[in-house]
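Participant: Sequence:
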Amino acid sequence: TLAGNTTVVFETLYTEGKEVGRHHEIDDEGQTVYIPEIHTTAADQKNGINHTEANEKATIVDTVYYSHLLPGKEYTVHGKLMDKKTGESILIDGKEITASTTFTAENEEGSVDVIFTFDASILAPKTVVAFEYLEYEGIEIAVHEDIDDEDQTVYIPKIHTTAVGEDTQDHIEKAKNEAVIVDTVSYEGLEVGREYTVTGKLMDKETGEPILVNGEEVTAGETFTAETEDGSIDITFTFDSSALAGKKIVAFEDVTYEGISIGTHEDLTDEDQTISYPEIHTTAADQASGSKTMTLGSSVTLVDTVTYKGLTAGKTYVVKGTIMDKASGETIGVTAETTFTAEAADGSVEVTFTFDTTQLQGKTLVVFETLYDTQGNPIVAHSDLNDEDQTVSVPVQPVIPPVVTGDDSSPMPYVAGLTVALLAAVAIAIMLIRRKNKHKLV
Numbered sequence: 055t056l057a058g059n060t061t062v063v064f065e066t067l068y069t070e071g072k073e074v075g076r077h078h079e080i081d082d083e084g085q086t087v088y089i090p091e092i093h094t095t096a097a098d099q100k101n102g103i104n105h106t107e108a109n110e111k112a113t114i115v116d117t118v119y120y121s122h123l124l125p126g127k128e129y130t131v132h133g134k135l136m137d138k139k140t141g142e143s144i145l146i147d148g149k150e151i152t153a154s155t156t157f158t159a160e161n162e163e164g165s166v167d168v169i170f171t172f173d174a175s176i177l178a179p180k181t182v183v184a185f186e187y188l189e190y191e192g193i194e195i196a197v198h199e200d201i202d203d204e205d206q207t208v209y210i211p212k213i214h215t216t217a218v219g220e221d222t223q224d225h226i227e228k229a230k231n232e233a234v235i236v237d238t239v240s241y242e243g244l245e246v247g248r249e250y251t252v253t254g255k256l257m258d259k260e261t262g263e264p265i266l267v268n269g270e271e272v273t274a275g276e277t278f279t280a281e282t283e284d285g286s287i288d289i290t291f292t293f294d295s296s297a298l299a300g301k302k303i304v305a306f307e308d309v310t311y312e313g314i315s316i317g318t319h320e321d322l323t324d325e326d327q328t329i330s331y332p333e334i335h336t337t338a339a340d341q342a343s344g345s346k347t348m349t350l351g352s353s354v355t356l357v358d359t360v361t362y363k364g365l366t367a368g369k370t371y372v373v374k375g376t377i378m379d380k381a382s383g384e385t386i387g388v389t390a391e392t393t394f395t396a397e398a399a400d401g402s403v404e405v406t407f408t409f410d411t412t413q414l415q416g417k418t419l420v421v422f423e424t425l426y427d428t429q430g431n432p433i434v435a436h437s438d439l440n441d442e443d444q445t446v447s448v449p450v451q452p453v454i455p456p457v458v459t460g461d462d463s464s465p466m467p468y469v470a471g472l473t474v475a476l477l478a479a480v481a482i483a484i485m486l487i488r489r490k491n492k493h494k495l496v
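For the sequence shown, position 407 matches number 461 in my numbering, and the numbering has no gaps at all.
Warning: the hint list may mix true and false statements.
Simulated crosslink set (DMTMM-like; lysine to aspartate or glutamate; CA at most 25 Å straight-line) [what the hints assert, rightly or not]:
1. K230 x D81
2. K138 x E107
3. K417 x D340
4. K138 x E232
5. K139 x E281
6. K369 x E220
7. K149 x D202
8. K380 x D400
9. K230 x D400
10. K149 x D200
11. K255 x E312
12. K363 x E281
13. K380 x D443
14. K301 x D258
15. K301 x D321
16. K127 x E162
17. K72 x E91
18. K255 x E242
19. K255 x D308
20. K111 x D321
Derived by calculation from the structure, the hints in this document are not laboratory data.
Work the whole structure out from these sequences, hints included.
Facilitator: Below, the structure written as structure tokens:
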């Protein structure tokens with residue numbers, strides 16, 4: 055209870071109840087005993103606050119304020135980090151996290167820093183408390199051990215994010231004008247009652263660069279007060295994703311306290327942070343011939359091979375197709391579908407249509423396909439009336455003239471006719487010659 059005081063011992067000598075001598079000298083160093091007091095304040099060396107990022111090389115500075123030391127004397131402060139939750143020493147590879155500083159007191163009161171450097175990435179999430187011990191000539195003379203002292207406490211939070219498309223509630227989404235991605239940021243090891251801000255931006259998985267829409271990065275953020283050490287908060291990205299078909303995007307998140315970053319989750323390989331915008335391409339052909347010209351018949355099969363990219367392996371999908379009349383742009387009423395489980399992100403599946411082509415002679419047909427998840431949410435479509443790969447044609451049945459066989463009639467009528475014609479021609483020639491000669495005589 056006397057910590058932080060400097061005491062002076064007064065002595066009085068008695069004999070037979072009478073005072074015969076005294077030593078009452080308040081400034082006598084020989085009579086003086088120092089009862090030091092220490093108080094510590096721990097903070098991250100980089101940001102100066104009581105939160106540190108879970109880095110491989112974290113540094114916590116514990117400033118030890120002392121009073122009632124003996125000026126000119128040498129002291130040593132030893133410190134170690136404690137687990138606030140368990141009250142036990144924190145161990146890394148079986149060893150305590152300790153630090154010490156030796157100094158000479160210039161005055162009775164002052165301060166000195168004790169610096170802890172350690173791998174915080176393997177500790178997060180963790181709340182640590184710095185305990186300090188002051189020694190003089192190898193003897194402990196002051197202690198500050200208070201597991202509940204906020205000044206001695208440093209928070210090492212951890213965050214994890216899970217991004218899903220609002221429509222699918224999965225890591226796969228349709229590219230469209232008004233896309234919504236919900237990123238749930240789970241946090242551990244925050245200080246209860248403190249206000250934090252979480253901000254996020256969307257990255258291109260392939261390039262590692264921010265996604266740009268109209269030249270602007272796609273960002274979102276929320277400010278919240280931590281009601282418990284562990285919890286979660288949702289942030290929502292709303293943007294135009296129509297140009298992202300065939301791409302994968304990754305949500306990066308950063309949590310700040312008092313404007314200072316205390317935790318990030320930036321991992322391009324993290325599937326939980328990733329949203330895929332699939333792409334499909336289709337190639338239609340007659341099953342019998344393998345060509346783009348359909349066979350004429352009442353039950354002809356067309357095979358449309360759907361090549362996909364960016365699906366989630368192990369998930370089940372449905373491809374639904376319809377055949378369109380290219381000239382009118384309207385469906386001919388023929389549909390088909392195939393349900394499949396994607397063995398890998400990229401692959402292909404066939405959709406087969408069987409129909410009567412004799413009723414469609416001379417038409418050009420285009421196959422439209424749409425990919426759905428098992429909840430019926432459309433993921434991606436391939437609908438292009440001008441895509442030659444999606445197009446087939448139905449020929450027109452040729453008209454063959456009848457072949458005349460078995461004619462036994464005589465050729466004489468033809469010969470007679472020809473003879474008559476020749477005789478008529480000779481007669482006309484003779485008449486013309488006579489008329490010419492008559493004119494000459496005149």
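Participant: Of all the hints given earlier, name the ones this structure violates by number, lowest first.
Facilitator: 1, 4, 8, 12 and 17
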